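**Q** Quick note, the sequences are listed as chains A and B, same order.
Numbering of the first sequence is given in numbering that gives the first Met the number 0, commencing with residue 0 and proceeding in unit increments.
Numbering of the second sequence is given in numbering that gives the first Met the number 0, commencing with residue 0 and proceeding in unit increments.
Hints are computed from structural coordinates only; laboratory data are not their basis.
Heads up, a few of these hints could be off.
Said to hold, decoys possible - Cut-off 27 Å, straight-line C-alpha distance, at most; resulting in silico cross-link-like pairs (DSS-like, lysine-lysine):
(1) B:K211 / A:K44
(2) A:K211 / B:K211
(3) A:K120 / A:K44
(4) A:K19 / A:K72
(5) A:K72 / B:K211
(6) B:K211 / A:K150
(7) A:K44 / B:K72
What the hints assert, rightly or not - Which residues of chain B face chain A? A partial, calculated answer using Cβ under 8 Å:
(8) K44
(9) E130
(10) G157
(11) G159
(12) I168
(13) H169
(14) W171
(15) A172
(16) G175
(17) L203
(18) A205
(19) G207
Since we're looking at a predicted model, the values are computed, not measured.
Quick reminder that beta carbons are idealized off the backbone N, C-alpha and C, glycines included.
Protein chains: 2
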Amino acid sequence: MASGRGIAATIGGEGASAGKEPRTARGRRTLRAILDAAAEEFGQKGFHEGSISGITRRAGVALGSFYTYFDSKDDVFRALVRDMSDQVREFVAPAMRDAASQISAEKAALSAFIRFAREHKEIYRIIDEAEFVDPESFRAHYATTADRIGKRLSAAAGRGEIRDDISEIHAWAIMGMNVFLGLRYSVWDEGVDPDEIAEAVGSLLAHGIAAKR
Amino acid sequence: MASGRGIAATIGGEGASAGKEPRTARGRRTLRAILDAAAEEFGQKGFHEGSISGITRRAGVALGSFYTYFDSKDDVFRALVRDMSDQVREFVAPAMRDAASQISAEKAALSAFIRFAREHKEIYRIIDEAEFVDPESFRAHYATTADRIGKRLSAAAGRGEIRDDISEIHAWAIMGMNVFLGLRYSVWDEGVDPDEIAEAVGSLLAHGIAAKR
Chain A
0 MASGRGIAAT
10 IGGEGASAGK
20 EPRTARGRRT
30 LRAILDAAAE
40 EFGQKGFHEG
50 SISGITRRAG
60 VALGSFYTYF
70 DSKDDVFRAL
80 VRDMSDQVRE
90 FVAPAMRDAA
100 SQISAEKAAL
110 SAFIRFAREH
120 KEIYRIIDEA
130 EFVDPESFRA
140 HYATTADRIG
150 KRLSAAAGRG
160 EIRDDISEIH
170 AWAIMGMNVF
180 LGLRYSVWDE
190 GVDPDEIAEA
200 VGSLLAHGIA
210 AKR
Chain B
0 MASGRGIAAT
10 IGGEGASAGK
20 EPRTARGRRT
30 LRAILDAAAE
40 EFGQKGFHEG
50 SISGITRRAG
60 VALGSFYTYF
70 DSKDDVFRAL
80 VRDMSDQVRE
90 FVAPAMRDAA
100 SQISAEKAAL
110 SAFIRFAREH
120 KEIYRIIDEA
130 EFVDPESFRA
140 HYATTADRIG
150 KRLSAAAGRG
160 EIRDDISEIH
170 AWAIMGMNVF
180 LGLRYSVWDE
190 GVDPDEIAEA
200 VGSLLAHGIA
210 AKR
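Kindly produce the complete structure, drawing on both the sequences and the hints.
**A** Shown next as structure tokens:
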């Protein structure tokens, strides 16, 4: 990306470029179609080979509609990274809601994430390419995700469900486990039941892996 | 990379292209200097902006020396990914050797990896860029690393030090934790003592994070 402008300064509400937010339900549907098409385009071709015309063709909208909501290819990519972050959060959060404990909630979150990543394998390529195309978005994605995990761990520690010496280190450890388990068991190979993966990690979080003596 | 040739087919012994392995101590030193220079060049500029002439300039060797050991920029990049994998393993393995238990060994491995990554921050950019430049090397790096972790966990389970229901899932979980803790606490910010990070993860592996009731 050419500039050091902050995400907040260039992406307005609901994912469009600043000042280009949709004002109608129809506009929001068009914006959604453009973001979904951008996920396909960049997921399959990568940022450099991907094009605005490829996105509008996939979305079935006119080129002008793209510029109604975005200023540039850089801007739609940046919006897409934030959109994928939001989509993961919105898919995973309800799965945790009825969990009986924080450990159960973390299991449910991982199982939901594995299932999400199987349906949206392009998320890996897009987030990973952001490290090179838009480092600020890459960093924001992981910093925000770790912060969210850290906050729910702290709340659970406050309720006495998990240890009270929990820190940001644990949040990053859990995020790292989840990201790599998704790479292995969603993007590379879907042969293992997501609940089996979540069970193994839940047991690790509940008891550790040391042998009981 | 243009072809689907296997790593073993294009990279010979000691990191050079097949058939171009150094035969003398001096040759091995030159090859080492080229690989170190390639890590700097690709780490700073990325694969596409990086050049063979940039590598030879940094290494202080003639362009001809490059072609004594490598066929192309693709080949030196592929060799570099494997070399970084090997360097991590060689740096981390001795740290685990005298550990009193497998949990202590995993702590020592993480602490060593954090210290390695602080000295070689370019490893993240290089391995991550391999996902796009040379997917086969990217995959081999993580598959090999997870396999190594899985083998040492299995051996420890056999000795009764860790639970006997350990699987590949645990190996990927531990690798993911370590990779993301290195990103956060080596590449982004060195403010936390590696031993503190290892202590938190060692305690997670030993006991889990559930509150004791």
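**Q** Could you tell me which of the hints above the structure violates, numbers in ascending order?
**A** The structure breaks hints 1, 5, 8, 10; every other hint is satisfied.
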